[in-house]
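If you want the building blocks of each chain, they are given just below.
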Amino acid sequence: MSFAILYPLSSILFPMPLAQQRPPSLFDLLPEDPFDFFRWWLGTIATIYATVIMLQSLYGWYVWLAGSDKYISLLRRYILVQGLRLRFKAFWGDVIICGLLCVTFLLLWRAHGLIYDLGDTLRYVRQHPR
Amino acid sequence: MSASTRDSGEMKMLPGGASPPTVSGGNGGAAPAGAGSSPGPGPGTGTGPAPGPAPGPVAQSLIAVTISPVAPSAPATAPSSTPAPSRVAGAIQTRQLSELPKDELEHLAEEYGLDPTAYKTRQHLVVGIHERRQMIAALDRDAMLDVIRWGRRPVTANANKEQIAQEIARIRSMKFAGLSPRGLLVLARMRGIPCGDGEPVPFLVKKLKKQEGIFSRLNRKRRAMLGSLVSRMVGDDTAATTDYQFLPGDGQGGGAAGGSASPGSATVGSPAPSTSIKEEIEESGLFGGITSRLKKSADAYVNQKLDEIEARIDRKLDEIDRRLSEWRDKEIANRIRIMKITLWASVIVAVVSLIYAYIKVYFVGGR
Numbered sequence: 267m268s269f270a271i272l273y274p275l276s277s278i279l280f281p282m283p284l285a286q287q288r289p290p291s292l293f294d295l296l297p298e299d300p301f302d303f304f305r306w307w308l309g310t311i312a313t314i315y316a317t318v319i320m321l322q323s324l325y326g327w328y329v330w331l332a333g334s335d336k337y338i339s340l341l342r343r344y345i346l347v348q349g350l351r352l353r354f355k356a357f358w359g360d361v362i363i364c365g366l367l368c369v370t371f372l373l374l375w376r377a378h379g380l381i382y383d384l385g386d387t388l389r390y391v392r393q394h395p396r
Numbered sequence: 003m004s005a006s007t008r009d010s011g012e013m014k015m016l017p018g019g020a021s022p023p024t025v026s027g028g029n030g031g032a033a034p035a036g037a038g039s040s041p042g043p044g045p046g047t048g049t050g051p052a053p054g055p056a057p058g059p060v061a062q063s064l065i066a067v068t069i070s071p072v073a074p075s076a077p078a079t080a081p082s083s084t085p086a087p088s089r090v091a092g093a094i095q096t097r098q099l100s101e102l103p104k105d106e107l108e109h110l111a112e113e114y115g116l117d118p119t120a121y122k123t124r125q126h127l128v129v130g131i132h133e134r135r136q137m138i139a140a141l142d143r144d145a146m147l148d149v150i151r152w153g154r155r156p157v158t159a160n161a162n163k164e165q166i167a168q169e170i171a172r173i174r175s176m177k178f179a180g181l182s183p184r185g186l187l188v189l190a191r192m193r194g195i196p197c198g199d200g201e202p203v204p205f206l207v208k209k210l211k212k213q214e215g216i217f218s219r220l221n222r223k224r225r226a227m228l229g230s231l232v233s234r235m236v237g238d239d240t241a242a243t244t245d246y247q248f249l250p251g252d253g254q255g256g257g258a259a260g261g262s263a264s265p266g267s268a269t270v271g272s273p274a275p276s277t278s279i280k281e282e283i284e285e286s287g288l289f290g291g292i293t294s295r296l297k298k299s300a301d302a303y304v305n306q307k308l309d310e311i312e313a314r315i316d317r318k319l320d321e322i323d324r325r326l327s328e329w330r331d332k333e334i335a336n337r338i339r340i341m342k343i344t345l346w347a348s349v350i351v352a353v354v355s356l357i358y359a360y361i362k363v364y365f366v367g368g369r
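Taken in order, these protein sequences are the chains called A and B. In this note's numbering, each residue's number is its place in the first sequence (first place is 1) plus 266. In this note's numbering, each residue's number is its place in the second sequence (first place is 1) plus 2.
Be careful, since some hints might not be right.
Stated by the list, open to error - Covered stretches of chain A (in silico footprint by chain B; criterion: 3 or more residues with CB under 8 angstroms from a CB of chain B, positions within the stretch not fixed):
no.	segment
1	326-338
2	346-352
3	355-369
4	372-378
To be clear, the hints were calculated from the coordinates, so they are not data collected in a lab. C-beta: ideal position from N, C-alpha, C; glycine also.
Only chain B is shown next, with the shape it has when bound in the complex (with noise of 0.2 angstroms):
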């Protein structure tokens, strides 16, 4: 695995040297030789490069970096759907990651849960990415999962690890309740928190809220009381009482995983309203909850419409197919009395013929 990746010519890729460069199966490919303080399963025990939302652009162009020549004798390789590379991919153009614009690294490591402005350099900023996918390849697939559901984001079943973990970056609640304690370290360590396995729920709930600061504690509060006030004035204090969804896949229904999507509907694990507004408000501020509430009754409402529809449309199907049935037996019973009386007309014919035949024989005498 390493040397195959020195072939590649990934040394180049992180200056300062802060770790070795054995970054690749960000698609769950290989196993990270050096995962820094995150021992777990490796990558390749659950996660497939199973289809899912295309990533963004430049996802893409981070997927195009991990192509990278394996020798099919490597060790820590898992075994995975998509075809091994062989080194015939070395030929495959890749885009390096420390070739990537400024602005399109700052916006991967947003998506990845990173603060660009916490790293001096670009080259820092390069070696944090790099560890960031690390330590994301080393999570626990599952657990993220936990964080998923938890958190109710909307991800296609089989999503990879690094959609998986996008989302999870999304995910600003500090209400850990419902939580599973391994999701709670996955979160803590998408929040950058270094932490063990062991490490017990509370310690980790004190790590994350300390690791909150207070600024932003106290704008969330600020943020619950707009939100508590906005439900006042609103009326609606409802809170999730569905269960949660995953996105359909390709090839899959919705609801793979402890969802109870209604088979034959159109508008399968559309996230529907999960949380309050409220709790909206308070997560994403003002407007920003408001938006999310609307966008998801908008969501809600043509869903609805998309199943009415889709009911209209079957039942059109079956009149039609009713119809066609009706015309086919009528037609077949015309054709059977039109052979009917063809017979009929034959038969008389055929009796008149063969009384002229016995006049003719019997007294005429002739033939």
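Chain A on its own, in the form it takes in the complex (with noise of 0.2 angstroms):
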């Protein structure tokens, strides 16, 4: 299995032996491929900024409406009957078309996977000639 897709990960996840170890210079400390350092440290970044901000607005919803005022519980039950009228006609073709688009996403990123595993099988063949 390989684990390239683990790019920036994978030097920390899995070092080189010992006996492959040498020195290290200052090009060594500059990322191997552009690109992939800037998407995955984007990802990254910004797959943590999203979480982080959404559990807090979650959890400042859920602290506000959890109160027991008569107006709050008030607030809470007219919530609930609003979500319980939203009409799933009125957004189906949007909410379609985002659930397509994550299933093209999911293929893409394995396609990822299955170029990194060709790129491997083609490397090792190039280094063993028969």
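Given two chains presented individually in distinct reference frames, assemble the corresponding complex, making use of the accompanying hints.
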């Protein structure tokens, strides 16, 4: 199994054997592939940021709506009623598009893995010609 | 019942000892053991102490008098919705009727339709009030409600007998058309006419008219003439056409019995102008009749305005709800659109990344 998809973390998770290690140079600290470096760190930071913001927001809503005030209780029921009155038909087009985009994204992710596996195989073949 | 009553010391309440001190159950409690000459169903048959208009201070004190310890096994105790008073209730500080000031006693007697000047002493008045309360407790509640409907008095459908009786005592009309025989019997008894159960209607009417007295009749005729004169001047001679409606009580809407209260209205069961101004003047005099008519007109106007305000508030609430629904739909559509754009960007970047990886793997040969 290839861990190429975990490229920025692979050097930490799977370090090179000690025999192959040499003193690091300045170039070793630079990213091997600037695009991979960009997308991985962008993806990581954006995901963590969005998750933290979303959890913060959800917790704030939960604390506010969990109040025992009678108006909050009324509001809670009203929100529930509004949610039940929500009609799926009004948004079904966009929701289906979002679902398909998610599937596409997962397929593309999987395609990345396949291509990296293919790259490993090619390199092995090139390094071990018959 | 009587034993426990004696235990409570109510024997001291009746100087003169005209009747056994068995008064209790003013709110539909125990049946009077010696209810005079008024046979009929016991007070507990249909008169639970239902919530109704709060009685006045005098009536409150009277109700306080009725709280007496009753043994749970008393045979005359009717089932009631209130917690059964126990011997613990004996500790409740009750105000004896005989301890009431004279003016309160007189006011109480008037509320029950008694003439306080007809009683020589205070003790006689106390006895008279007791007997009247016993008589009221023995009356049929449905028959009393018949009188209320006939007299169009403002009463809640779940008012207790004493409240109903106080309203009946305020009815002065001598036109008995439309009153049921049992209602006529109740009215006669409330006006102090001794009569049995099987008295014929003409006999009761005759007795009632005889009891009115010649001067009262003359006064009534004079007021009737004045009423017809005012009615001709004002041009208002409309008779009652609307059904009687009970006042809205606690936990119920108006019009529980025969009423046709409109649901959703804020002004259910208000006594609408029911009688002509002529009849009102005949009953209450010139100023009283006009005042009553003015008051009813003002009430009707206020009720109409309240209904309009309520309808306006309902419209506003509907508008708010509609706008909120629109805002909700718009907001959700917005969020989904943002999510869609984000997904599109992610997919595009993923496609670019895939092409980049493919080129790098196949053509550059590295990773």
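Structure-based check of all given hints:
no.	hint	result
1	326-338	violated (count 0)
2	346-352	holds (count 3)
3	355-369	holds (count 8)
4	372-378	holds (count 4)
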